[in-house]
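Protein chains in written order, with the numbering used here: chain A, 4 to 393; chain B, 4 to 393; chain C, 4 to 393; chain D, 4 to 393.
In short, the hints are calculated from the structure, not lab data.
One or more hints might be untrue.
The list cannot tell twin chains apart, which means a pair is met if one copy fits it or any two copies do.
To be verified - Computed cross-link-like contacts, DSSO-like style, restricted to lysine-lysine with a CA-CA straight-line distance of at most 27 Å:
1) Lys192 - Lys208
2) Lys192 - Lys117
3) Lys248 - Lys208
4) Lys192 - Lys248
5) Lys208 - Lys166
6) Lys31 - Lys192
7) Lys117 - Lys139
8) Lys80 - Lys243
9) Lys117 - Lys166
10) Lys31 - Lys80
11) Lys208 - Lys139
12) Lys80 - Lys117
13) Lys139 - Lys80
14) Lys117 - Lys208
15) Lys192 - Lys139
16) Lys192 - Lys243
17) Lys243 - Lys139
18) Lys166 - Lys139
19) Lys248 - Lys139
20) Lys208 - Lys31
4 protein chains.
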Amino acid sequence: MAKSDRIPRDRDNDHTREMASQRADFVKTMTGASLDSVASYTIDPATTHGNIENFVGTAQVPIGLAGPLTMVGEHAKGDFYIPLATSEGTLVASYSRGMRVISECGGARCTVVKHSMQRAPVFLFDNALEAREFGKWLDEHIDALRGVVRASVDVPELIEIEKYAAAKMLYTRFCYTTGDAAGQNMTGKATLYACEWIRANHPAKPRYILSGNIDTDKKHSQMNMIQTRGKRVIAEFVLKRDVAKELLRIEPEWLYRFRQIADIGTQLSGAAYGGAHSANGIAAMFIATGQDAANVSESHAGMNYIELLDNGDLYWSTTLPALICATYGGGTGLPTQRECLEMMDCYGTGKANKFAEIIAAVVLAGDVSLSSAILAHEWVSSHEQMGRNR
Amino acid sequence: MAKSDRIPRDRDNDHTREMASQRADFVKTMTGASLDSVASYTIDPATTHGNIENFVGTAQVPIGLAGPLTMVGEHAKGDFYIPLATSEGTLVASYSRGMRVISECGGARCTVVKHSMQRAPVFLFDNALEAREFGKWLDEHIDALRGVVRASVDVPELIEIEKYAAAKMLYTRFCYTTGDAAGQNMTGKATLYACEWIRANHPAKPRYILSGNIDTDKKHSQMNMIQTRGKRVIAEFVLKRDVAKELLRIEPEWLYRFRQIADIGTQLSGAAYGGAHSANGIAAMFIATGQDAANVSESHAGMNYIELLDNGDLYWSTTLPALICATYGGGTGLPTQRECLEMMDCYGTGKANKFAEIIAAVVLAGDVSLSSAILAHEWVSSHEQMGRNR
Amino acid sequence: MAKSDRIPRDRDNDHTREMASQRADFVKTMTGASLDSVASYTIDPATTHGNIENFVGTAQVPIGLAGPLTMVGEHAKGDFYIPLATSEGTLVASYSRGMRVISECGGARCTVVKHSMQRAPVFLFDNALEAREFGKWLDEHIDALRGVVRASVDVPELIEIEKYAAAKMLYTRFCYTTGDAAGQNMTGKATLYACEWIRANHPAKPRYILSGNIDTDKKHSQMNMIQTRGKRVIAEFVLKRDVAKELLRIEPEWLYRFRQIADIGTQLSGAAYGGAHSANGIAAMFIATGQDAANVSESHAGMNYIELLDNGDLYWSTTLPALICATYGGGTGLPTQRECLEMMDCYGTGKANKFAEIIAAVVLAGDVSLSSAILAHEWVSSHEQMGRNR
Amino acid sequence: MAKSDRIPRDRDNDHTREMASQRADFVKTMTGASLDSVASYTIDPATTHGNIENFVGTAQVPIGLAGPLTMVGEHAKGDFYIPLATSEGTLVASYSRGMRVISECGGARCTVVKHSMQRAPVFLFDNALEAREFGKWLDEHIDALRGVVRASVDVPELIEIEKYAAAKMLYTRFCYTTGDAAGQNMTGKATLYACEWIRANHPAKPRYILSGNIDTDKKHSQMNMIQTRGKRVIAEFVLKRDVAKELLRIEPEWLYRFRQIADIGTQLSGAAYGGAHSANGIAAMFIATGQDAANVSESHAGMNYIELLDNGDLYWSTTLPALICATYGGGTGLPTQRECLEMMDCYGTGKANKFAEIIAAVVLAGDVSLSSAILAHEWVSSHEQMGRNR
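The following block holds chain A by itself, in its conformation from the complex (with noise of 0.2 Å):
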């Protein structure tokens, strides 16, 4: 490949609008194609550093607003209003509908039980004994740990050290709480510190890789759905029977009934979520407030859970045991990203628990809505008047 093939870089990746309109006539020159849209941003890059290599301009993701949606979480309380960063046709008139129901019922009720964030290093031993041995060594030494942790990084704490024996490897996960950022670097740091100290401090010095693949980063797994990855969020509401008549012409019986044909439906065929839809909402959501999207593989994963009251209501939540999300950070700065969060009062820090409490209860209101569509059939009608149906 000649030389001139390289796409153009600026010495110190310093994001000037004149390197963006190099690379820019480059792909024109290389392809033939334009980038004149991508090209009319209107953000300063300079903001994008640290966020991206090789800035040739931006992609404009349409966003709907949704809600009012009233929220009576531990953290996030009152009405808000949702940013939704999507080309998917009636995704935001969906959801919209979703919370307007959530919201006349008296609101989601959110709950952050768990917050943990991984690195997940496997140490590479001559044989099982020795593996296990030093998993005890490990758990004797957590305390020096969490000190070398603390010394070397400013945010992660070091909670505790989960261990899997397998062969004669033991594979562990780093558990670090990380503020109000999604931390995955910043325990990716830790991590090193860590495994560093172990190598100068236990007599076998064993050999280690910084992750045997179980932490699992930008995957969905069981591991996470049952040890929890980033936060482990709760959203319920009771669903008033006038109201589900009402907005979603349906009865809570057939909502009911449905949970558990689509239950059986899920472990027949092994899905990662039991509910309608959340990656929809999560990656709507992410796009519009900075969130990194690859995250939506293990953030979508989770459960509905539905009990019919004796009173006819029917109670109903979204478990979301592998949320990531920050509001500081990533790409949580960047200009219209900032916007978004801070229409929800979400930007910053001390905001991180709030904004994962919104983020489940708009993943409830969708499932509220799409579940409802589908059982009353309107969902491919609403397909065909709103969007394309493509």
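Mind docking chains B, C and D on chain A? Use the hints.
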């Protein structure tokens, strides 16, 4: 809630700047937060019609250029530059490194091995015997149902109806080809027509629900892994020993060993993807090109397979059994998104397989780069230098 | 190791009392342990020919009688007494209670919905494209392959060949009906013939391995859950409200609620069976009737589905997607085992579906009894009274 | 149903020959089938007290001797002869071959890395917040609960209480050590005491169900794979190149390659065991030694890990994360079963780890033999010669 709390709506959902502006003002009034950046979009709001409701502006997601990536696929041939929309620092650099490695080794050979999009109605009966007999009836009427589909929708062709009995229900998957569209909505519509035809023609007029949760739409599942959803694509290349040493600073033997250690981690954790990470590249390409980012949940599933060849080189492949992507419909026609497809000559009809091959090759590039970085311990330090490491 | 450490072998593996006795003496000499009870078998050792090597005696596993169990299946009709071989105290009593409940409610309606036994060769190619094309070739030659199977083995009929591409391999499942035999060995033989025919007739003479681990023989898998292995059987009955109260001391509503709580547990833990327990009844019947107890691993998978009917009764079903059982071949002809089949009129050809129906009904009975006991807190106390509670 | 259709019961369930005989006669009367062989048991029926109800006789399952198997475990050291109760022809021969291979290579090194038996009550609350707070309360009262357990049962020690929040429930796993017993029943009793103490002492007097289906008793689950159920045991040995060639007629390189092809099959199918087969050996040993054969469902899960060493030898291991076995209680004291334990010096207290090591080594032997046979195509022909091949 007061009437005035409602988001301003235009009667025809016709996406004017004026309405968007009213909504931004409304947010300002209700929350105090400014949406100035969100409102500084440069696309024509009319282009978003059918993709969004309650349009208020756009998320501007930074796009970095990666590549060139040499492709020796069935449909994608030659060098490609890849637009990646992300806010995760180091992602573009890391994928670029992987692309360079693949290109130096002769390029990625990619193959679409299956294409099948589903809608999965569940039919309800009084007992298991009736459900079983209904399955036979479906088999006998498959040609008629193909005709119903052909007569009612333009693109989808009904390939087959998979049948899974459980309790007194028959869970089905109606499997379609959908041309260059992702096709979830068009297959939903086709299946609704088919189901209504069934109700009209089967003596029992069976009740059904249009989704029994085994589609499994917008969620990962073992069903997808086994039976395919969207496109099943395989990317492969042979990593030359000297390229591995020079560009990745790693011996092929270690990559081979690591694969097996990671496979145990995959089995242990029940992870949806066996390689290092597919979701990063998929999410970044999906956002850049107007795909549905919620489909990251299905699309990120898969497996890495590596083989040390007799000459010391390394065969490396990734298999994506449920890649959902389109070059037509959905968000592909939005201004910046269309440009990103066009720079890969992947916009419009007849391009879907080509595009799927490129995505799979990008995933492979990401696995090559990250797997090597994990082994070579560059991983943390690269985040230190390039990203904000939060 | 000295030659004399070897277990005494007879030249023709002909299973005489003399050789068995020599082996028992050998054990006594080598370990000091007496095998007097093991050697006190009353069956003719010649009957074990083909079932065992190095025969030394028998395990005497207690058999308890359960029932009567009223069956209203397609094949099994009337009242049955069920032989359960187990050493788990309370098992027979608990299953008997469940059988009584089902019988009082009119009996178990059972349906075999699918029958398919597999051997799953994987074919190895140089790249994914070759593997895909080979899949097409297989489709084109399916009739020829059916003929090869028909010509080489007596019982198995080749139904179809499922194809799953991954990397440069084509994983297949050759699916057969196997009459009244379980059929793992005969399908292995048939598949070997088919594979050798493929090698002789396909231009590339592809290398293959007779099992690529997706059979999935003697192991649970989601593949089995989805695609069936052995027989897919459903047992169902309607629990009458008054019977529930009288015999189970429980309200149907609580059973209904518990099902949904348990379904969340199933999804959370990634469990192979959603009901209370299938393995107990299956293992006990398998040992009594000469089935392969290793197949408990596949056979125990499944789902419970419950529905509260309008009249307050409870529809209850269990679905077993991978029940492997035989009335012919394997251990079914051994003396005590044959008798246990005969007492259910399930020995010999033409009885496999009937037998499968009975097993599924027994599983259902076990779920009814244990689920109720868990809810009614009788569970622990019943072990206290009847079993050793260890 | 007429009263006379009931199986004859003795008042005290005291297991006399007379009652057994009455039952056999009853079966003859009701079904016409003779149970002469079943009734020809030679054990004293009184020995089955606590293991069975409605005793009618025994299943006589053929036992074959395998071995010797050289063990270099922590607890099991020296040469062992292994009793395998099965009716699957070639099983004993195949395992014996594997044992010979392992023994010739110096023996199996085995390690019990964890021991934990569970009962998993689920606690029901009005909302997720209450459930979360209850989890904290449990943590604060863990010492008190340990005391309650210690005071109420003899053997089990409460190690920890795992907590998994979902919806408004708190799913827990009470984890115990259980000495040399399998311990499902004793931990059930201990957990009932603990739960009743909780109800008496927690202000909300929370309702609970003694099993929320995440134990996951008598069923495979990813939970077991991750968190262990029973004993987590690893067996390993180094296959010498010349032994592989001589005894297995195979190159180590092919075994290494096959492992990776099989791992892809495992991920593709979602299989519970990654190796060739664990259930065969486990089931045969379980029946011979009085284990609960239903536990094959949990115990057969696991992973094979193979590594080609620099000297051309092959490290081979199997990891069993949920092996449930006992040397005391349950069926271990039955006459033939006890003898089979005694011939391995595994009967009674203080032997459970030793016994677990031997089982894991047997599983490894089976994998070595069958994996090689599959590759060398001996598989089918060995069934032809030795077994009935049905």
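Which numbered conditions among the earlier hints are violated in the structure presented, ordered from lowest to highest? The structure breaks hints 6, 16, 17, 19 and 20; every other hint is satisfied.
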